[in-house]
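These are the residues of each chain, in order.
2 protein chains.
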Amino acid sequence: METEISSVGEFGLIDRLTADLPKINQSTVKAVGDDAAVIRYEPKRDILVSTDMLLEGVHFDLTYVPLKHLGYKAAVVNFSDIYAMNGTPRQLVVGLGVSTRFTVEHLEELYAGLRLACEVYGVDLVGGDTTASRAGLVISATVIGDVEEGKAVSRNGAKPTDLICVSGDLGAAYMGLQLLEREKTASAGRKDFVPDFAGKEYLVERQLKPEARRDIIKELAEAGIEPTSMIDVSDGLSSELMHLCKASKTGCRVYEDRIPIDYQTAVMAEELNMNLVTAAMNGGEDYELLFTVPLTAHEAVSRLKGIRVIGHMSPEDQGCALIGRNGEELPLKAQGFTHL
Amino acid sequence: METEISSVGEFGLIDRLTADLPKINQSTVKAVGDDAAVIRYEPKRDILVSTDMLLEGVHFDLTYVPLKHLGYKAAVVNFSDIYAMNGTPRQLVVGLGVSTRFTVEHLEELYAGLRLACEVYGVDLVGGDTTASRAGLVISATVIGDVEEGKAVSRNGAKPTDLICVSGDLGAAYMGLQLLEREKTASAGRKDFVPDFAGKEYLVERQLKPEARRDIIKELAEAGIEPTSMIDVSDGLSSELMHLCKASKTGCRVYEDRIPIDYQTAVMAEELNMNLVTAAMNGGEDYELLFTVPLTAHEAVSRLKGIRVIGHMSPEDQGCALIGRNGEELPLKAQGFTHL
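Chains A and B, in that order, give the protein sequences. Take the position in the first sequence, starting the count at 1, then add 345; the result is the number in my numbering. Take the position in the second sequence, starting the count at 1, then add 345; the result is the number in my numbering.
Be a bit skeptical, because a hint or two may be false.
To be verified - In silico EDC-like links for lysine to aspartate or glutamate, alpha-carbon gap of 16 Å or less:
| hint | chain 1 | residue 1 | chain 2 | residue 2 |
| --- | --- | --- | --- | --- |
| 1 | B | K375 | A | E494 |
| 2 | B | K375 | A | E493 |
| 3 | A | K375 | B | D360 |
| 4 | A | K591 | B | D360 |
| 5 | B | K389 | A | E387 |
| 6 | A | K389 | B | E387 |
| 7 | A | K554 | A | E454 |
| 8 | A | K504 | A | D662 |
| 9 | A | K375 | B | E387 |
| 10 | B | K591 | A | D360 |
By construction, these hints were calculated from the structure, which means they are not laboratory data.
Input sequences plus hints: build the corresponding full structure.
Here's what the structure looks like:
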């Protein structure tokens with residue numbers, strides 16, 4: 346079924362997309378349907394706000410990204426920013442720019458993904474703005490969360506002797522992107538083409554349906570470990586390490602043989618003849634948590650599942666470096682977006 | 346001077362745009378430079394959140410909208426949503442999508458407008474996301490504000506006997522747009538063209554540099570008047586009236602001869618051979634406040650400067666109508682965006 350957006354109008358569209366939204370959080374007083382959402386947190390809570398913009402042709406390619414996955418990812422990458430502050434995401438507002446080639450059903454798919462992410466992470470979709478676009482799909486998501494007063498973990502609290510830890514594994518999302526791009530190229534002009542993801546399902550999932558590491562925040566809290574600085578890995582480990590070091594006025598040493606890499610990532614890098622460590626250091630979109638803990642927390646953090654100590658902070662004048670398998674020092678490079 | 350964005354990189358760009366941001370509000374704990382902004386409101390405050398997206402070619406035309414004005418407007422239209430809830434805007438986050446044709450200096454102009462609006466309205470710019478765009482300029486602004494607990498004014502509190510009030514005058518921003526479009530057409534291919542805005546400065550200003558009605562919120566509070574419902578006029582009076590009526594489950598009667606219209610608006614409508622009342626009812630972008638008060642507040646509200654009583658709510662089954670100068674009833678029509 347294909348319903349043109351013009352046939353339901355702006356307000357009809359919004360009504361359809363936001364019908365029967367659940368209310369999960371006590372703090373959500375008023376959701377969609379007014380000039381602003383109303384939120385009421387418990388006393389002694391700090392409020393966290395983060396925003397992300399995803400643009401078609403820059404951040405996603407709809408030839409291989411299903412709209413439902415896209416909605417899910419747009420929400421989750423925002424939630425990840427709140428976890429990276431040691432907080433809990435509670436409310437989400439979404440701005441959408443849509444061109445006429447999208448139908449109501451397309452946007453319902455996108456919203457199904459947003460709704461699923463909100464359900465999984467316990468977040469309320471409380472508002473948004475839907476507008477026309479002449480230039481493909483634009484998604485802007487802003488998340489609001491909370492944390493115990495004074496307990497937000499910033500980027501700037503690391504000491505030169507702190508240990509550097511990272512959750513999960515790195516580089517898989519980037520390799521998933523390479524794989525999807527390869528299959529897209531292979532499929533060009535072939536109607537009966539079936540992409541081959543056998544044995545690489547993890548890579549595709551990491552790219553298309555990333556998860557935010559709520560579990561790690563919970564694990565750390567239960568173990569009584571307070572990170573001294575934290576950031577989520579969206580642009581790549583190298584870039585995020587440099588953010589922590591710059592904000593904390595430290596240098597760092599991370600060890601190549603400590604970087605957690607999945608088997609599928611390694612196989613894919615081999616197939617594509619790409620440098621595996623480069624992919625893991627600069628790949629981006631892993632949405633793992635990178636954080637520092639005091640040396641005294643070494644034993645406690647080592648006991649935790651899915652967390653790897655990959656190096657340590659150092660005095661600022663030593664700079665940021667990756668230590669190779671033979672002890673050689675490779676200076677880290679900032680990345681950031683390279684689209685411009 | 347023209348500095349290519351690629352020459353400073355993403356992080357260099359953000360550093361330049363966000364350098365020396367002032368901190369106006371006590372509630373701003375941590376602004377730009379982390380995964381999320383941190384906000385701490387006083388106890389017994391409700392939090393308000395609203396978001397708006399502006400897309401080049403849909404919401405603005407850079408051939409006649411200066412970037413500084415655009416930044417100002419992007420912020421102000423968001424602030425307006427918070428005032429329309431009876432709240433105070435405190436923090437702003439801005440997502441930007443920019444294509445390679447923009448230079449660092451262009452974005453500094455845009456930010457100068459955002460900064461100015463924040464300064465004028467006492468809001469802190471606390472975060473954002475800057476990314477590449479393949480499709481012109483994209484601006485997504487999300488504002489966070491606060492209001493005394495339980496004192497947010499929604500759209501749904503009007504009673505069938507309430508009076509309908511509006512601030513300022515209507516239709517001028519729309520006429521400003523018509524004027525700018527006319528001069529753009531006239532200038533096509535003429536290098537030495539000087540647009541003629543003589544005697545119509547107010548219209549141009551209403552379109553390019555709208556203001557949010559903070560003063561009205563203050564006035565109402567000082568007079569002890571609590572609106573029963575409120576909304577800001579962004580899509581046009583007609584459409585906003587229908588929002589209030591739908592949410593409040595009422596009908597309404599507004600009187601043509603009570604609609605506040607500026608002299609310049611009337612002159613311009615005459616020149617363009619357009620229906621003046623249609624422009625005032627459906628023009629949009631006025632950012633005036635439309636609200637209802639109990640009948641008992643008639644005298645108090647009539648004493649206030651810059652507020653006009655334009656009609657009254659009515660039972661739901663009577664529908665929404667404009668009463669013409671000869672007593673004829675014209676049913677109101679919803680508009681919403683017509684870009685799609």
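Tested hints:
{"no.": "1", "hint": "B:K375 - A:E494", "in the structure": "holds (13 Å)"}
{"no.": "2", "hint": "B:K375 - A:E493", "in the structure": "holds (15 Å)"}
{"no.": "3", "hint": "A:K375 - B:D360", "in the structure": "violated (36 Å)"}
{"no.": "4", "hint": "A:K591 - B:D360", "in the structure": "holds (13 Å)"}
{"no.": "5", "hint": "B:K389 - A:E387", "in the structure": "holds (9 Å)"}
{"no.": "6", "hint": "A:K389 - B:E387", "in the structure": "holds (9 Å)"}
{"no.": "7", "hint": "A:K554 - A:E454", "in the structure": "holds (15 Å)"}
{"no.": "8", "hint": "A:K504 - A:D662", "in the structure": "holds (13 Å)"}
{"no.": "9", "hint": "A:K375 - B:E387", "in the structure": "violated (20 Å)"}
{"no.": "10", "hint": "B:K591 - A:D360", "in the structure": "holds (13 Å)"}
Violation of the numbered hints given earlier is confined to hints 3, 9; the remaining hints are satisfied by the structure.
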